[in-house]
Amino acid sequence: MGSIKDKVAIIGMGCTKFGELWDKSVSDLIIEAAYEAYEDAGIESKDIQGAWLGTVFSGLTAGSLSSPLKFRFIPVTRVENMCATGIEALRAASYAVAAGACDIALAVGVEKLKDAGWSGVPGSKVVGDSSIGTAGVAPDISAPAMFAELSLGYFAKYNIDPEEGKKLLAQIVVKSHHNGSLHPKAHFQREVTIEQVMNSPIVAWPLGILDCCGVSDGAAAAVVTRADIAQNFRDDPIYIKSLTICTSGRQDTLTQGYDFSYVPENLNGSKIAYAEAGIKNPLKELSMAEVHDCFSIHEMMIYEDFGFSARGRARDDIEAGTFTLAGELPVNTDGGLKCFGHPLGASGLRMAYEVYKQLQGKAGPRQVKNPQRGLAHTVGGGEGMLSCGITILGNSKG
Amino acid sequence: MSGIVAYGAYIPTYRIKRDVIAKVWGSVGVGGEKAVANYDENSITMAVAAGIDCIYGFDYEKLDALFLATTTAPYREKQSATTVASALDLPSHLRAADFTDSLRSGTIALNSALDTIKAGSARNTMVIASDCRLGSPHSEYELIFGDGAAAIVLGNSNVIATIEDTYSVFNEFMDVWRAEDDDTVRSWEQRFILTKGYMETIQQLVSTIMSKHGSKPEDFAKVILYAPDIRSHATLAKNLGFDLQTQVQDPLLTTVGNTGSASALMMLVAALEEGKAGDRILLINYGDGADAFIFCITKEINKIQGKRGIKGHLKSKLILTNYNKYASWRGIIVEEGAKRPSAVSPSVTCLWRERNRILALMGSKCKSCGTVQYPPQRVCAKCRAKDEFEYYKLSDKIGRAVTYSIDHLTVAKDPPAVFAWIDFDGGGRIHCEITDHALEKPSVGMSVEMTFRELYKAGGIHNYFWKARPIR
Chain G
1 MGSIKDKVAI
11 IGMGCTKFGE
21 LWDKSVSDLI
31 IEAAYEAYED
41 AGIESKDIQG
51 AWLGTVFSGL
61 TAGSLSSPLK
71 FRFIPVTRVE
81 NMCATGIEAL
91 RAASYAVAAG
101 ACDIALAVGV
111 EKLKDAGWSG
121 VPGSKVVGDS
131 SIGTAGVAPD
141 ISAPAMFAEL
151 SLGYFAKYNI
161 DPEEGKKLLA
171 QIVVKSHHNG
181 SLHPKAHFQR
191 EVTIEQVMNS
201 PIVAWPLGIL
211 DCCGVSDGAA
221 AAVVTRADIA
231 QNFRDDPIYI
241 KSLTICTSGR
251 QDTLTQGYDF
261 SYVPENLNGS
271 KIAYAEAGIK
281 NPLKELSMAE
291 VHDCFSIHEM
301 MIYEDFGFSA
311 RGRARDDIEA
321 GTFTLAGELP
331 VNTDGGLKCF
341 GHPLGASGLR
351 MAYEVYKQLQ
361 GKAGPRQVKN
371 PQRGLAHTVG
381 GGEGMLSCGI
391 TILGNSKG
Chain S
1 MSGIVAYGAY
11 IPTYRIKRDV
21 IAKVWGSVGV
31 GGEKAVANYD
41 ENSITMAVAA
51 GIDCIYGFDY
61 EKLDALFLAT
71 TTAPYREKQS
81 ATTVASALDL
91 PSHLRAADFT
101 DSLRSGTIAL
111 NSALDTIKAG
121 SARNTMVIAS
131 DCRLGSPHSE
141 YELIFGDGAA
151 AIVLGNSNVI
161 ATIEDTYSVF
171 NEFMDVWRAE
181 DDDTVRSWEQ
191 RFILTKGYME
201 TIQQLVSTIM
211 SKHGSKPEDF
221 AKVILYAPDI
231 RSHATLAKNL
241 GFDLQTQVQD
251 PLLTTVGNTG
261 SASALMMLVA
271 ALEEGKAGDR
281 ILLINYGDGA
291 DAFIFCITKE
301 INKIQGKRGI
311 KGHLKSKLIL
321 TNYNKYASWR
331 GIIVEEGAKR
341 PSAVSPSVTC
351 LWRERNRILA
361 LMGSKCKSCG
371 TVQYPPQRVC
381 AKCRAKDEFE
391 YYKLSDKIGR
401 AVTYSIDHLT
411 VAKDPPAVFA
421 WIDFDGGGRI
431 HCEITDHALE
441 KPSVGMSVEM
451 TFRELYKAGG
461 IHNYFWKARP
471 IR
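Protein chains in written order, with the numbering used here: chain G, 1 to 398; chain S, 1 to 472.
Some clues are possibly wrong.
[Claimed, not checked] Cβ-Cβ distance ranges computed for the label pairs, FRET-style:
(1) 196(G) to 29(S): 16 to 24 Å
(2) 159(G) to 393(S): 32 to 40 Å
(3) 119(G) to 387(S): 19 to 27 Å
(4) 2(G) to 447(S): 22 to 30 Å
(5) 459(S) to 328(G): 28 to 36 Å
[What the hints assert, rightly or not] Partial list, derived from the structure: chain S residues whose beta carbon lies under 7 Å from chain G:
(6) 115
(7) 118
(8) 346
(9) 348
(10) 362
(11) 367
(12) 369
(13) 371
(14) 373
(15) 403
(16) 405
(17) 407
(18) 432
(19) 462
(20) 463
(21) 465
Hint data in this document are derived by calculation from the structure and do not stem from the laboratory. Glycine residues also receive a C-beta, built at the ideal position from the N, C-alpha and C atoms.
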């Protein structure tokens, strides 16, 4: 199989403030993210030769992107892969460039969740399970409860005392809130304490409200071009080392055996991404990572599935501070989904935005030392048939 | 001789003390408790549960008809017996019919079932009576009405209780009724309806069948008397010359309540549970007239085992201490509810296309590698063999929770909702809700059984599916 490594570079990115943006429409968010990316790349809207919009609930068809940005007669497509939608849009734009279909492409991710009238994603009985159709008999389980099931699977497997397990998860939350407090675009910019996390109202045990990511509005965008011409636009383009989507077809939830102590799509998706990027030891070779911390337990499981921690030993690394800003491998340096919230279509590109800024040395108080490679990861869908999107970026070729 | 060949019953897990209800309205307590259908139960789901109990150990391929009796059918127009037959995975040649509207519908159906057996038009006919009636808040009926179901199969072979005689009368009489737009039961003046209706009709009926059959009160080991309330039951027994202590079947009024059309058949199941070969049973049902049956238990009764029946279900219970919760489950109180998207009507087309896997909980078993999968898969999740599978029923399998969640966020009538991934003994895995979850604190590895429930109603469609439940 071929590889996209070093064929495509990001030359501009934009990201709106995330939060409860009552006074902004989907179009407003798209325009803000896209024009920040244009300005960053030093291009104009008319330079875009193809564009991809990632959104789950906030728009259908190319028109949702073409209309606010006034694209005309260029290829534009809306893509969707649940929570992995933002990475999916970046992947589509990058592959178009890699294929030679266009030289400058735009990826935009947007989601407006706060117009629904309730807190949470808009309802849909069909998302992610075409075989269940609209018979409406799938369990009406909330997202936190889905991840509570993973928590209890993990705790059972490694014989972790529930209270201690909860405290472990709280440390991840405290870490992310610290990082988020340093980012002016984060939805939540405040520190929290272990006690606050431990005492936050339970949503689905062991997950309390503070173990859950926020529900936010937001958009992010990237301008990509051919790696060989990237330096015509800027001195510090960011090269795509890997851009993968890893999915499965419910093999683990249709049959017995899988014990809910890890996420198979994350485990295998990271292996595929590392192979494409040529990474052998992620803990050493990655400078930082933005991972899909929709719920605290998921970030902990990712540490293991991504090879940052030995299997069953994430606890040791959490307690050692490995994933803090000052640690060996800072994770979710911008505060993650925890502090930005999770406007589904935007999240993957928001994560890439942080990796991009870190690799360019422009992350301000959150800046990691000597950055070279960074990873962004989103995963979405239903258990057993998740879509895991990963991109690995670098600030130099090779 | 034709008679009963199988029986079963169902009483919902929840009970409420009558004193709790009385206290809400500032009334004097009357003692006892009544069975309350959970929020996800109705006459249909209870009928399925009684049916499962009844056909346990019975070759249901030999059933040719199913008669469902209820006064609380969920649809005014659309048969209910078909839903029950589908959930029980009964053979498609089955004659399905609803017997409705009358409190006597259970025994009306039983008489019709007897006719099918006698006529030879059915080898075996199952009658299920199930009711979930609502008394107005702050009424006697609210205190006495309970929820439950019973199932009886009639046939000609391996008869456990022969039917020696029957007698029926009809009586156009407005004692209790629900008009087209009534949710709760109305009634005429108690003295009149009990004296001229209940007592007089039954006394005449019993006198007729006893002279027809040539029997005296002391010939009966057990007498089953439908009764609207405890006092009328005792008075009637006395008037008829039966000994309340030794002869008369407990009407279940202080433990289950008056279960309407299911009441007489539930008492019959209770009597069969205690009965021995040679016992003669007199059953009297009342409502728009009256029905009498004389049964004689055979030694086949000794072969019956493994049923929960009335006794088993009575023992397995949870006490609902909160009237508001009861009122919410029955729709007496409409809560504001969570700020969530409202339920959308399920697609009838999808429900029809997937009826087997939804109503009968059919999974698939790969003929190539033997892996059981739910929902049924055309391409095997294990070996990718295409279209090489047979259907495999999961509704009757015991499962174990691989992991679970206690969900405070999702919309629930009995919050917090509990969900679990279940691995079935013999293969297969399902993600579903656990209902009656207070029966046992959820844990990884806990054993569960499947129970047919109503998920929700939207667009006028009752959407049913299976949930797991701690084993009762």
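Hints and how they fare:
no.: 1; hint: 196(G) to 29(S): 16 to 24 Å; result: violated (47 Å)
no.: 2; hint: 159(G) to 393(S): 32 to 40 Å; result: holds (36 Å)
no.: 3; hint: 119(G) to 387(S): 19 to 27 Å; result: violated (44 Å)
no.: 4; hint: 2(G) to 447(S): 22 to 30 Å; result: violated (51 Å)
no.: 5; hint: 459(S) to 328(G): 28 to 36 Å; result: violated (56 Å)
no.: 6; hint: 115; result: violated (38 Å)
no.: 7; hint: 118; result: violated (41 Å)
no.: 8; hint: 346; result: holds (4 Å)
no.: 9; hint: 348; result: violated (9 Å)
no.: 10; hint: 362; result: violated (13 Å)
no.: 11; hint: 367; result: violated (16 Å)
no.: 12; hint: 369; result: violated (10 Å)
no.: 13; hint: 371; result: holds (6 Å)
no.: 14; hint: 373; result: holds (4 Å)
no.: 15; hint: 403; result: holds (4 Å)
no.: 16; hint: 405; result: holds (4 Å)
no.: 17; hint: 407; result: holds (4 Å)
no.: 18; hint: 432; result: holds (5 Å)
no.: 19; hint: 462; result: violated (11 Å)
no.: 20; hint: 463; result: holds (6 Å)
no.: 21; hint: 465; result: holds (4 Å)
Violated hints for the displayed structure, listed by number in ascending order: 1, 3, 4, 5, 6, 7, 9, 10, 11, 12, 19.
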